[in-house]
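Trainee: Based on the provided sequences and hints, a complete structural model is requested.
2 protein chains.
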Amino acid sequence: SHKGNEMEKLKKYVSVKDEDQFYHQGAVELLVFNFLLILTILTIWLFKKHRFRFLHETGGAMLYGLVMGLIIQYAAKASDAESGTVYECEKLKSGQSTLFINITNQVYEYQYKREISHHNVNGHQGNAMLQKMTFDPSIFFNILLPPIIFHAGYSLKKRHFFRNLGSILTYAFLGTAISCIIIALIMYGFVKAMVHTGQLKEWDFHFTDCLFFGSLMSATDPVTVLAIFHELHVDIDLYTLLFGESVLNDAVAIVLTYSISIYSPKENPNTFDAAAFFQSVGNFLGIFAGSFAMGSSYAIVTALISFTLCEFPMLETGLFFLLSWSAFLSAEAAGLTGIVAVLFCGVTQAHYTYNNLSPDSKMRTKQLFEFMNFLAENVIFCYMGLALFTFQNHIFNPLFIFGAFVAVFVARACNIYPLTFLLNLGRKQKIARNFQHMMMFSGLRGAIAFALAIRDTESQPKQMMFTTALLIVLFTVWVFGGGTTPMLTWLQIRLVLASNPDKNTTKAESAWLFRIWYSFDHKYLKPILTHAGPPLTTTLPEWCNPVARLLTSPSAYGDQLKDDDTDYIINNDELTENYESSAHMPVWDRTA
Amino acid sequence: SHKGNEMEKLKKYVSVKDEDQFYHQGAVELLVFNFLLILTILTIWLFKKHRFRFLHETGGAMLYGLVMGLIIQYAAKASDAESGTVYECEKLKSGQSTLFINITNQVYEYQYKREISHHNVNGHQGNAMLQKMTFDPSIFFNILLPPIIFHAGYSLKKRHFFRNLGSILTYAFLGTAISCIIIALIMYGFVKAMVHTGQLKEWDFHFTDCLFFGSLMSATDPVTVLAIFHELHVDIDLYTLLFGESVLNDAVAIVLTYSISIYSPKENPNTFDAAAFFQSVGNFLGIFAGSFAMGSSYAIVTALISFTLCEFPMLETGLFFLLSWSAFLSAEAAGLTGIVAVLFCGVTQAHYTYNNLSPDSKMRTKQLFEFMNFLAENVIFCYMGLALFTFQNHIFNPLFIFGAFVAVFVARACNIYPLTFLLNLGRKQKIARNFQHMMMFSGLRGAIAFALAIRDTESQPKQMMFTTALLIVLFTVWVFGGGTTPMLTWLQIRLVLASNPDKNTTKAESAWLFRIWYSFDHKYLKPILTHAGPPLTTTLPEWCNPVARLLTSPSAYGDQLKDDDTDYIINNDELTENYESSAHMPVWDRTA
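Chains S and U are the protein sequences, given in the same order.
The first sequence begins at 1 in UniProt numbering and counts up one residue at a time.
The second sequence begins at 1 in UniProt numbering and counts up one residue at a time.
Hints are not guaranteed to be accurate.
As the list claims (entries may be wrong) - DSS-like mimics (lysine-lysine), calculated; alpha carbons at most 30 Å apart, straight line:
1) S:362 - U:49
2) U:362 - S:366
3) S:366 - U:49
Source of the hints: derived by calculation from the structure; they are not laboratory data.
Fair warning: this is a prediction, and the values are worked out from it, not measured in the lab.
Mentor: Written as structure tokens, this is what we have:
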């Protein structure tokens, strides 16, 4: 018993050491990322100081990631491949999330990670260091993207956004659909050609795969372009059109990709199955609407709670953060799309909750999400650079890659020019030719396309798509991102001076959509959800007075239209200008 | 081939669905935590508004966690235990981080999670929901604790901290050692008694286990008490003594626990092995010193970089965050203690880097870490409440628990009273009797004790320790935390008014230690690392002038001692008061 005792003891120490190694496991890899990010920040600081605008921070991050990937690839070549042996355990049941395995009388717990196609098994057995540098794809969707998307929604310039709402919705929904289909059709042509030349077995690549590729490549991400626009104070309407389009288009592309991935015709996957098609369309609409509802309802709850909470900025910020995150999690838990939910949550939070926050919390929440966005964005772009060399299962197919470049370019053109032509028929302030070219030029692909592509890299077609998507992202971010400033000069797009906020620009759209929404929002939603706006007692019919009095914030009576975020919302005099004839004007005169 | 094709297709869809389930897996559990935190925030807001001080937010978080744990425990009782089957796979090698398992022709990747003792296997097979609500213990050490500890270091009131440095170091090092040994001795007595009464087999519980328990129970965490001190503006010296002690004592306890856990006598573990003992002492000193060096050197690098970076607050904040995190990761990667590194990194950042930051970044960094601290703290306390019911392997041993309560109490007394007596011999401003009682009373146990205890819960003694530690945390946080305000009244401890910062209190300690450090820091470190302080050209000997000119910030010449954080550092007139006779005074007169 004494000997056994000692053995036990010894084994315990060994196991403690093992465990410690597991604890420290992630430290080195995270350190590599930290190091890359620090380098990026220092470089960007240098560039910003000297006003070099040909490399944005995301481009820099990608460049450093690329170099680091190259180093790891070649430095760690002769590493152990020990960890890749495949064990035959036919008696196990598949699909278990946790395995308890008894190895020489010691039970170990293993956690499910993923399923691996047979032809990839060898790839996975490669370099241990490369393997460790590979994130779990779900990290992109659950950790890195949500803050980026929320921040996008939260910093939407609503004043101009709502003025251009119709155009933005057209580009985002119709444009993305057009882009998806055009890319799919062109890629299908190239795939057929590849089958002809024997580069591809036919059954590998269906039209649905092409649609999948089309939908993921339709997510534009002009973060580089927008950063330069912001810095140079480029025309605000162009900025809004591009920003609004890219934000909403992400949501559309994500849901579209998901809907296509679960499109499953009962018969031959190459034939068109109407029932399955309509089910996919239904899925798309259901998921989109559900996510929208989930996101905005959490934001409305936040607005209602923050009504009363403005004394303690820390509690307020905490609540704001937790409720926004809950929108994401609830959507995920309900089988909807968390990222879409978090986007609309951000938009709604900015529109209502922001008005109720204390000045301190306003700044805190803005800075917090700005910071999270900054970090997450740079991590993703670093990782993209890294992935070009560290990802183990790249399939570089020149014809496919060439086809994809052509497809992306053509699809962007078929999206922007025809839709702008149609929109200009209805718009009061037309979208000028040079603006159209700039929008065409700003069709960069970025984080979303990458995240959608890396989500599934098990089959060979998916690997080919991933490689191609990665190359398109690298190319567009560097070339188009870097070329933004020369392009602006070349297209002679006017720069608005920072000191001159364009107060007296004419309304952009024939604003019936905007007008209906604005009136409803201003009369009913704003008074209920914020301290701003006219008291409900004046906007609701008289018989609603008891309810109205209950719902109106006491401060709404005293102050006159106290809208805190003039930066965001149409300001007072502009409102008067636009709605001189509208019914509720006299009300303000009365309260004044 | 066509049939196989379809099968393939079908399988793909099934696998996509499976994968999606894995994606959503964490959402529900995170949602439960979010919900608990939101509840906590709302409750605390209510309490703060009505100035109830008997329940701090951490106590509230714990309470809600407890209730939620109870609900989960009883609601999810009849859940599936399917996932807990143990598979015999003798041919596998142990210690692999990744398993590739071929189950009916499909390869799955599984990731190592942990080792499980045989007698726990049944426990782990229990309720799936409870299992999911259980964090990986490494999350505490790698994600939740670092921001808390960094924030503690970053918000140390240095002015008073350095004045009481000797006392704080005495409490932290000597006091923690005393506390550890006393607890170990008392527990050893109780363990012997338990063996006598047949409650325990002797070989289960060595003296080293008692020491392990003693060290982890020596980490005090008076977060509740300090929050109330802060709110009521209790005497700043008492605040500093308690805060400084608790911060440093965490570092000491963590390293001590680690050193004890790797203490391995070659012979019988019950006998004293001098060589192994001195190795443990060496380990302790080495790890502590190494972590200290790692943390402070990263902070110094940050200070040097931030010297030049103050135009872009976002880049500055990002760099600050990444370098501080790198301190943690580097220490972990080097086999040191990340948490200790991050603590000293925080202290050094506050002392040097903070002075170089732009006003915007000063606020951003403070608010960022304040926010992270707030969230992490509440998550840990929520989890503690939850763990009382959801943790599967509790061992409630009344005698052991009773013994632990006695031991913790006695050890705190043996720490505070004798050490204070000794310190008062040397201090100019004595630590009063009522202060001593308050310090005795403030010996709460919290996050660190819990995190140390949960790190290893595989053997039965460790499980008994975990259960006991948890109960002590719950008890002390609620009872002592809640009793702080009455205790302050009862002990008649004076409250300092917020508007009266105690400028003219006399020096607390006979300040030789402080004087040496201050002089060195002020003359050499501050001028090199910040914009503040006298120019190096005046403090260094004349022959060093070329080097000095190089190292001095240009702004140091023009301005006179521009120390931005008067809140943190001894201010100018106090300095004059204390060091009228010191050598460098005339220098200022010259520069003035």
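Trainee: For every hint, state whether the structure bears it out.
Mentor: Tested hints:
1. S:362 - U:49: holds, 21 Å
2. U:362 - S:366: Holds, because 16 Å separates the two Cα atoms, which is no more than 30 Å.
3. S:366 - U:49: Holds - the C-alpha atoms of residue 49 (chain U) and residue 366 (chain S) are around 25 Å apart, at most 30 Å.
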